[in-house]
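**Student:** My request is simple: use the sequences and hints to build the entire structure.
Chains A, B, C and D supply the protein sequences, listed in that same order.
The first sequence maps to residues 1 to 405 in the numbering used here.
The second sequence maps to residues 406 to 810 in the numbering used here.
The third sequence maps to residues 811 to 1215 in the numbering used here.
The fourth sequence maps to residues 1216 to 1620 in the numbering used here.
None of these hints come from the bench; they were simulated from the model.
Hints are supplied without guarantee of correctness; some may be wrong.
Below, simulated SDA-like cross-link-like pairs (lysine to any residue); rule was C-alpha separation at most 25 Å, straight line [unchecked claim]:
#1 A:K369 - B:V612
#2 B:K774 - A:R402
#3 C:K1158 - D:P1577
#4 D:K1575 - C:L899
#5 A:K369 - B:D532
#6 C:K1004 - D:P1577
#7 D:K1584 - C:F990
#8 B:K753 - A:R210
#9 D:K1584 - C:W961
#10 D:K1409 - C:A1189
#11 A:K369 - B:T559
#12 D:K1584 - B:D520
#13 D:K1575 - C:L895
#14 D:K1575 - A:N319
#15 C:K975 - D:D1590
#16 C:K883 - A:N319
#17 B:K753 - A:P204
#18 B:K774 - A:L159
#19 D:K1584 - C:T967
#20 D:K1563 - C:R1020
#21 D:K1575 - C:W961
#22 A:K194 - B:D520
#23 D:K1288 - B:A737
#24 D:K1575 - C:S991
#25 D:K1409 - C:I1033
#26 C:K1066 - D:D1590
#27 A:K194 - B:D781
Number of protein chains: 4
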Amino acid sequence: MSDVKRVVLAFSGGLDTSVILKWLQQTYQCEVVTFTADLGQGEELEPARAKAKLMGVPDEHIFIDDLREEFVKDYVFPMMRGNALYEGLYLLGTSIARPLIAKRQIEIARAVGADAVSHGATGKGNDQVRFELGYYGLAPDIRVIAPWREWDLTSRTALIDFAEKHQIPVPKDKRGESPFSTDANLLHTSSEGKVLEDPWEEVPDYVYSRTVNPEDAPDQPEIITIDFERGDGVALNGEGMSPATLLTALNELGRKHGIGRLDLVENRFVGMKSRGMYETPGGAIYHLAHRGIEQITLDRGAAHLKDELAPRYAELIYNGFWFSPEREMLQAAIDHSQEKVTGTVRLKLYKGGVHVIGRKSPYTLYSEKVVTFEDDAGAYDQRDAAGFIKLNALRLRLLGRRDGR
Amino acid sequence: MSDVKRVVLAFSGGLDTSVILKWLQQTYQCEVVTFTADLGQGEELEPARAKAKLMGVPDEHIFIDDLREEFVKDYVFPMMRGNALYEGLYLLGTSIARPLIAKRQIEIARAVGADAVSHGATGKGNDQVRFELGYYGLAPDIRVIAPWREWDLTSRTALIDFAEKHQIPVPKDKRGESPFSTDANLLHTSSEGKVLEDPWEEVPDYVYSRTVNPEDAPDQPEIITIDFERGDGVALNGEGMSPATLLTALNELGRKHGIGRLDLVENRFVGMKSRGMYETPGGAIYHLAHRGIEQITLDRGAAHLKDELAPRYAELIYNGFWFSPEREMLQAAIDHSQEKVTGTVRLKLYKGGVHVIGRKSPYTLYSEKVVTFEDDAGAYDQRDAAGFIKLNALRLRLLGRRDGR
Amino acid sequence: MSDVKRVVLAFSGGLDTSVILKWLQQTYQCEVVTFTADLGQGEELEPARAKAKLMGVPDEHIFIDDLREEFVKDYVFPMMRGNALYEGLYLLGTSIARPLIAKRQIEIARAVGADAVSHGATGKGNDQVRFELGYYGLAPDIRVIAPWREWDLTSRTALIDFAEKHQIPVPKDKRGESPFSTDANLLHTSSEGKVLEDPWEEVPDYVYSRTVNPEDAPDQPEIITIDFERGDGVALNGEGMSPATLLTALNELGRKHGIGRLDLVENRFVGMKSRGMYETPGGAIYHLAHRGIEQITLDRGAAHLKDELAPRYAELIYNGFWFSPEREMLQAAIDHSQEKVTGTVRLKLYKGGVHVIGRKSPYTLYSEKVVTFEDDAGAYDQRDAAGFIKLNALRLRLLGRRDGR
Amino acid sequence: MSDVKRVVLAFSGGLDTSVILKWLQQTYQCEVVTFTADLGQGEELEPARAKAKLMGVPDEHIFIDDLREEFVKDYVFPMMRGNALYEGLYLLGTSIARPLIAKRQIEIARAVGADAVSHGATGKGNDQVRFELGYYGLAPDIRVIAPWREWDLTSRTALIDFAEKHQIPVPKDKRGESPFSTDANLLHTSSEGKVLEDPWEEVPDYVYSRTVNPEDAPDQPEIITIDFERGDGVALNGEGMSPATLLTALNELGRKHGIGRLDLVENRFVGMKSRGMYETPGGAIYHLAHRGIEQITLDRGAAHLKDELAPRYAELIYNGFWFSPEREMLQAAIDHSQEKVTGTVRLKLYKGGVHVIGRKSPYTLYSEKVVTFEDDAGAYDQRDAAGFIKLNALRLRLLGRRDGR
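**Tutor:** In structure tokens form, the structure reads like this:
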């Protein structure tokens, strides 16, 4: 296996990817380049540097990048323009982070002349697919190493033994069976496995880390406004903010009011059902706000086409096809619709709930003059409705005459 | 206009349809047959009988039917099987009642030998379309009279003048401008117009009539279970119930916990945007519960196809095409998927929120054995994922080689 | 009706629009501005000028425009990029011309300060919808006059009487009942009505005017090539051509070989079925050629998404929604896919048939190396297929275990 | 590998599956049960029996079934109801045969108590997927052996050596490199590989075996009729026929007139493009005939929904998901639409072309009375079109006012 010379590893600094780092060095006798991304997961990144150094990675091969603004601007916001919900409910917090990591990893591979990339996702999950479809799409001839599918460290004990044997520090809480596994970034935190594996049992409250329990949230609702320009959020309560800053601020509001918790049994791309817990505090607020501003600025034709495309679009992102022609085609359609999605949405946050309570826009298509029950001064001729109905009914009448229900 | 001999009027007994009754008698010199349906709107129906009598409708031409069970069983439940949401949010409470009224009206027209039907929906709304597409689909040659599109009673003052002139009682609260108009049935109450016409202004609390304000809801969450069989709800907290009984009980729970309020700007079929307020207390709970049981009993292929068809299906119902081949085709597809949608969902109701917290089924497709992070005893071979990814990536790699991103 | 001052009429110079011209002048006491477009219908346009003059239209209000290149470049080619077929078969030759006429008519209305536009389409067809949706979308407050829906000239005799009374020349062949009505432009000729009204009867050969009967076509097939760049045709048999020139040349080939005849019963937007005859000689060749070049240059994801969007896209064009957000969104998606749709297609034309027999491209995604049954030198690892199938089968296996077919 | 006891092999009796038979016996030390299906491929099946015997398969383990009627009735016809075309052109002749073979193979496995099944499809193609998804869906725990993905007989020479070594007769024409590989059944014959591998080169005429070259077809067109009942063909030229008899007769007609040839570059499910040649003589006629009868018997709503679902439906069949909930859901929708698809279609066959020239039905929805340009006696009120257009235009006008194009 000495055919790999230099591999770029998506490295969190945690136990698993530390073991992988060492395992790669041993197994492939290759140089390992570490890449640690700040996607807003809320962890210190410098310890990752120290660990990498400890395992012999030279300074120039340790990459630590703050990708938060790029993440929100080029991945989260475009996705939110599409109102994407996987299986009707999930805001795709993990799915949308993977393509960016893959892309940066490939950039680094090119910069350092690596011939392989590696990640710490298991062989049962979606993330391996998302990472690898990203790698292959961007660098078709890259070598991909997925240790979890290759090695024989199939139990936690084996992993810890390996760590100890190689002087890799094992945090105390990893020694026992951790009760679940988590992923986090600026958009969300997810947990799955262990105590969550019985979908009949309620998710224990200690699994949630990003939001207060709605029952402990403030007894007073909070009213906020979000401003949108061309489909993207630009301000909170009138204060202009960068994408990542806005999402961070919404996360804080969501946390406080217990917003964005989701207990879901979902269908993985690899063919099994899994049960997950998601917290998307800011994202849940943003998603509904975006729908709110679209309500008055999107024409029905555009809105309904978007609704019809959304499940497919969400499925593509979930399955890892961010860098695919079909996702980009759908994005082109979606983005075309957002030109005038500009205005302000007012929302009420309360005890786990988000409620759009007002929206206004310089580009509103809502016409009080047309819709009013009062005299509309000729804006709408009710007699037009007769012809409209008659012709919509014509085919049904021909059918009725034939089939005589 | 003496060509109409006998007309069946959808008659609520309220001011508007009372005026219509009289206006039909006068204008068409015809017999009016009244039809009043109990769809669970929560109003006494006997006053409608008295009013009809007062205006000279003979007993045998006064029809008052309790359609609640038929409404829930044959309209609400089938629709809920499809997880229908119009424009992502609206549970279609008004839309789904209209076809049943139209159908019953046509049945009565046939029974009494009427040559026309009439309704009290205005010329700006969706309901005229829903009623009339129903009429025409079921009785292609029926004559339809839509007084709001024909008469000159275009202001409320004119309407009240007409009423007084003809000894039609005018309730006190109708004398001033009523602040909004409402529709109600067992599934929901909606309001629109007047104080709701500025979509930037919050819906005043007094507009809501079916739910307490979430802020006034109990401080303790309530846990309930709903049992499903073949896609339809059959029991609450283990107690078997008929469709209408179940929905009524869920409404009571929803009312108590402030569930199912929606403030929406929507796109009407007739081409304008309107702002409405909806309360669907029981329906909101039921909708999420149904999604919950589907999560473990539907295969991914079925689930995703349903998600892709749902926006179109909801649009058809919203636009009034319940009795159309395409709605029936979609229903056939949806119903085919529900065979094993059987089991129990546990939900938490709290301060306006509904949260699925558990689901179980004798037909669950969720396999702890397959999904577990622990040793799965060979239920899943992680190495399969390598080939799966490789072949999914193949086209992207060929593309990447060509386009060299 | 003196509220109309100046109206721009889509004027062919034929009997019907001549009568309309006069009728507008009389009925509305207004100035009529005539607009005659050369869309390649193959008729002299100068006679239209003479007729307009004769009826008192001043020179500066007679507009005769050659729109052939704009028609093909901005309407036909974009539509062909989408492989649009209405109801699986119809190449939309009439539908695609209407938006351009409407657009130019509105431009002229603005240029001459007209307050109204008018057209000669009847009240039963699709064209009235296509014209008027175009007018209203581009000039929301324009007044639209559709004489066929307004006047009392409901029989051909009445029309001819009116013409004679007003010294409008009546061609001899219009005196008797013409056996069918036609529309023509560079893309196609259509006929409907009269002798075509029984869908069981074969379309008589004399109805066809743009193609020879396949039975009379040459006994030798003809091989041609079409070059594409970014999804659009640019050359025939290696000779570069402008869009309209290319389509004209393909029409000539199609005519000679009897290509592009279609006998169709279709569903009109206004709710009825009609039977039409279409000849689209060049378009039929071009459509298949475009599919041919896409076969090797489009990725599967893009190709299948296009196929799924195509029926909707075609329906929008057929129904007259060219100038709508949803058509533009679909166009954005389609156009995004065409970047590398460049190359050459070889076709065989023979006795009414078009057969793609070869295609090549500098951007081909077809890889002989990968697909070969022979030794592929590692381009594809057959063992990957095992994992691919296993994971695609996983959900079906779980289902099979549950349902035990 | 002695864990396999008895395996049911899809056995054609040709060289490849004969080698597989022997290889299975040797490699797995197991009993091989052979299954040979008559799907109308036009080959003698008794030689397969003799060969199986020769290799030691006992009589009771040799299964030879005539599945032609089941194939057409339960697979081809249902698919044709959906107007399925893969990538716009391919009639899915190979794809639709695989599920039936898989189903019968599993039935036999159950009957003889086999623990495994095997097939002769290679690791690069779609057929392996189609077979195995069928196996796994119907018998989730069956063992699947795909020799082409396992063995080391990776060249034709190795295969022939193996055959000779084991006294398996090698036909002369298999000794050299065969110029392409084929598949055949009652619906079609396909060829791919070798001389077809350059998609720029025309398919040589000798590759076609089921149709005459259109250039050699009769100079006189032939007119036929096909009768349909509830969406399925039941008679040719007025003579009632069983499904397989009808398709056989249409094949004969198609062969004679050179109908149903297709040269296609398609996208395989396994991710590569391949170039194939298809001959579907009877199927091409039937497909267009079915569209023809639908034109007058299907309502627009049903027809357009079918058109929108068709690409997805075809993709599912192509990819091997016949036995999947989503294909069955789509089938339920499609079948629901076919209730009144009854009547007669007249077609002209000429030199490779199929042209619908007439259709009639007791359930026709085509109304000459409504569509006529002549006086329609009130069947349609042209003024209704004004209102119809006005309300369809309303949203576009609001948009136009906002965006001011």
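**Student:** So, for every hint listed, does it hold in this structure?
**Tutor:** So, going through the hints one by one against the coordinates:
no.: 1; hint: A:K369 - B:V612; verdict: holds, 22 Å
no.: 2; hint: B:K774 - A:R402; verdict: violated, 55 Å
no.: 3; hint: C:K1158 - D:P1577; verdict: violated, 40 Å
no.: 4; hint: D:K1575 - C:L899; verdict: holds, 19 Å
no.: 5; hint: A:K369 - B:D532; verdict: holds, 20 Å
no.: 6; hint: C:K1004 - D:P1577; verdict: holds, 22 Å
no.: 7; hint: D:K1584 - C:F990; verdict: holds, 16 Å
no.: 8; hint: B:K753 - A:R210; verdict: holds, 20 Å
no.: 9; hint: D:K1584 - C:W961; verdict: holds, 21 Å
no.: 10; hint: D:K1409 - C:A1189; verdict: holds, 17 Å
no.: 11; hint: A:K369 - B:T559; verdict: holds, 16 Å
no.: 12; hint: D:K1584 - B:D520; verdict: holds, 23 Å
no.: 13; hint: D:K1575 - C:L895; verdict: holds, 23 Å
no.: 14; hint: D:K1575 - A:N319; verdict: violated, 47 Å
no.: 15; hint: C:K975 - D:D1590; verdict: holds, 23 Å
no.: 16; hint: C:K883 - A:N319; verdict: violated, 38 Å
no.: 17; hint: B:K753 - A:P204; verdict: holds, 14 Å
no.: 18; hint: B:K774 - A:L159; verdict: holds, 21 Å
no.: 19; hint: D:K1584 - C:T967; verdict: holds, 20 Å
no.: 20; hint: D:K1563 - C:R1020; verdict: holds, 20 Å
no.: 21; hint: D:K1575 - C:W961; verdict: violated, 35 Å
no.: 22; hint: A:K194 - B:D520; verdict: violated, 67 Å
no.: 23; hint: D:K1288 - B:A737; verdict: holds, 21 Å
no.: 24; hint: D:K1575 - C:S991; verdict: holds, 23 Å
no.: 25; hint: D:K1409 - C:I1033; verdict: holds, 24 Å
no.: 26; hint: C:K1066 - D:D1590; verdict: violated, 38 Å
no.: 27; hint: A:K194 - B:D781; verdict: holds, 13 Å
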